Amino acid sequence: MNTESTTQPVIEARQLDLTFQTNDGPIHALKDVNLTVDKGDFVSFIGPSGCGKTTFLRCIAALETPTGGTLTVNGMTPDEARRNRAYGYVFQAAGLYPWRTIAKNIKLPLEIMGYSATEQDERVRNVLELVDLEGFGGKFPWQLSGGMQQRASIARALAFDADILLMDEPFGALDEIVRDHLNEQLLALWARTEKTIGFVTHSIPEAVYLSTKIVVMSPRPGRITDVIDSPLPKERPLDIRDTPEFIEVAHRVREGLRAGHADDE
Amino acid sequence: MNDGFKAFWAVLTVLAVIVVFWYAACIPMNIKGVLTEQERAGAEVQPPSAKDRRDMSEFGLVLNNSFAIPATWEQDRPRLPAPHQVAVEMWETTVQKKITSKRSLIYHGWVTLSATMLGFVIGTGLGILLAVGIVHSRVMDLSVMPWAIVSQTIPIIALAPMIIVVLYSVGIQGIIPKAVISAYLSFFPVVVGMVKGLRSPDAMQLDLLRTYSASRSQGFWKLRLPASMPYLFTSLKIGIAASLVGAIVGELPTGAVAGLGARLLAGSYYGQTVQIWSALFAAAILAACLVGLLGLVERKVLKRMGMAQ
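Residue numbers (UniProt numbering), protein chains in the order written: chain A, 1 to 265; chain B, 1 to 309.
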């Protein structure tokens, strides 16, 4: 690796556009999106439904193809980046295979990517420890709570050690208490692994608590209205949410969301 | 425990109702024949003229000749045999006959079962192959599926003789034509169930595999096939019952040499209703056993896969 690659942005979008052709006419899902994400950033995408936050994440993952502009991931096209195992993706539902144990679920990407059996076991052990699920490898998904299942799905995304972790409302279906706990764990995991994380949410406290960079988006057409670099320290206990700095950032996010909505009504 | 007890009584009650209804149905069904026999034996019958009796309703005859009711359950060739007559016939033609005997229901049951199993295996294999093709190729989806549906709209009783004649003309006879008819009936539920099962993974599951850049065959073996297992077993249960029907129908036009279908046909040639009913029950019991066996395999497999708790 040369010195240039350390300063190269992990994700870079320039004038990104995406229009879906539907039976009801074209839908402008993303319009003129410009964003730079650096290595080690924790970026949250927040906005009402239809603002394109999930669509943008899917573009990064090459699950959608933009219709205009440029998008690079690790300096490559999203397609190339995917083939180079650039990212792990966590969906809103855990989506574990009910016929596989937790350990076998985590092995799924490793099997597909052709890791050796010993390496698979090694990696499963490591990521189970990372998400605090040691000893649950032999259990089937239905034997675990919803929060534990989602942690297992994060372990699955981490198993092949991609630099980027893309998470699409991973805790959206969980209750507040479990969610707080998982947020805390996610920050600890991020600090340990130094991954770049893209995180879609519609919860303001969640976005502010987790992120170094908050991207506020608004719908019709989906676009970025504000990018906030968080002044909060990297070390964040849960009660940081009661500090004036936290409340100020949350306020700015709320303002951004309101501004996006205003020209809509 | 209490629930099991309740269920046991519920099953027993339904069974008792059926048996009572059956015995009751025997009375009007058989009364005319009984009265003719009784009259020949010298009993006093109301009305005495056979011609009058013919024009009277069965219920009227029963009311006039209540003494003859027990005899309606003991006729040699009743229109509707009583449950115990069928039970006795079944006992005599299974336990009390050598298996090699041409009158043994076990022998005939085995003949039908072997054709059923062969047809089931062929039909299931064909069904799975077609389903895999249909799921993976739009051309096959458009071209094969309509024919599979049309094939099931033709009454099998009309098609079976053709299949047997055509196969006979190319020198194939014996178990194969019956198995072909069995397979013809059993492939369809397997196709429909497997297509549904192989398509059951949702968009998120498919997206997940895309993020791993998984190939289509990896997607098939790791996701689609295991996800289809519950659907497969449901289809197999329908398929094996259809297979049995196919094998029995296949035995009818061959001149009724052996098999449960042959027993049905021979029974109707000679007016042996007891024999017909015992062959029917043998077929029903056989079907129940086959479906039950598949249910057992299903539970074992799904439990082993972790999909049943």
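FYI, nobody ran anything at the bench for these hints, they're computed from the structure. A couple of the hints might just be wrong.
[To be verified] Stretches of chain B that chain A covers, calculated by requiring three or more beta carbons in the stretch to come under 8 Å of a beta carbon on chain A:
| hint | segment |
| --- | --- |
| 1 | 127-135 |
| 2 | 198-212 |
| 3 | 299-308 |
Just so it is clear, the structure is predicted and the values come from calculations on it, not from any experiment. Just so it is clear, CB atoms sit at the ideal spot from N, CA and C, and this is done for glycine as well.
Taking the hints in turn, this is what the structure says about them:
Given a C-beta distance limit of less than 8 Å, the hint that chain A covers the segment 127-135 of chain B is violated, as 0 residues qualify and 3 are needed. Taking a C-beta to C-beta cut-off of 8 Å, the segment 198-212 of chain B contributes 8 residues in contact with chain A, enough for the three needed, and the coverage statement holds. Closer than 8 Å: that is the beta-carbon criterion, and the segment 299-308 of chain B has 3 residues meeting it against chain A, so the requirement of 3 holds.
Figure legend: structure checked against the earlier numbered hints; the only hint not met is number 1.
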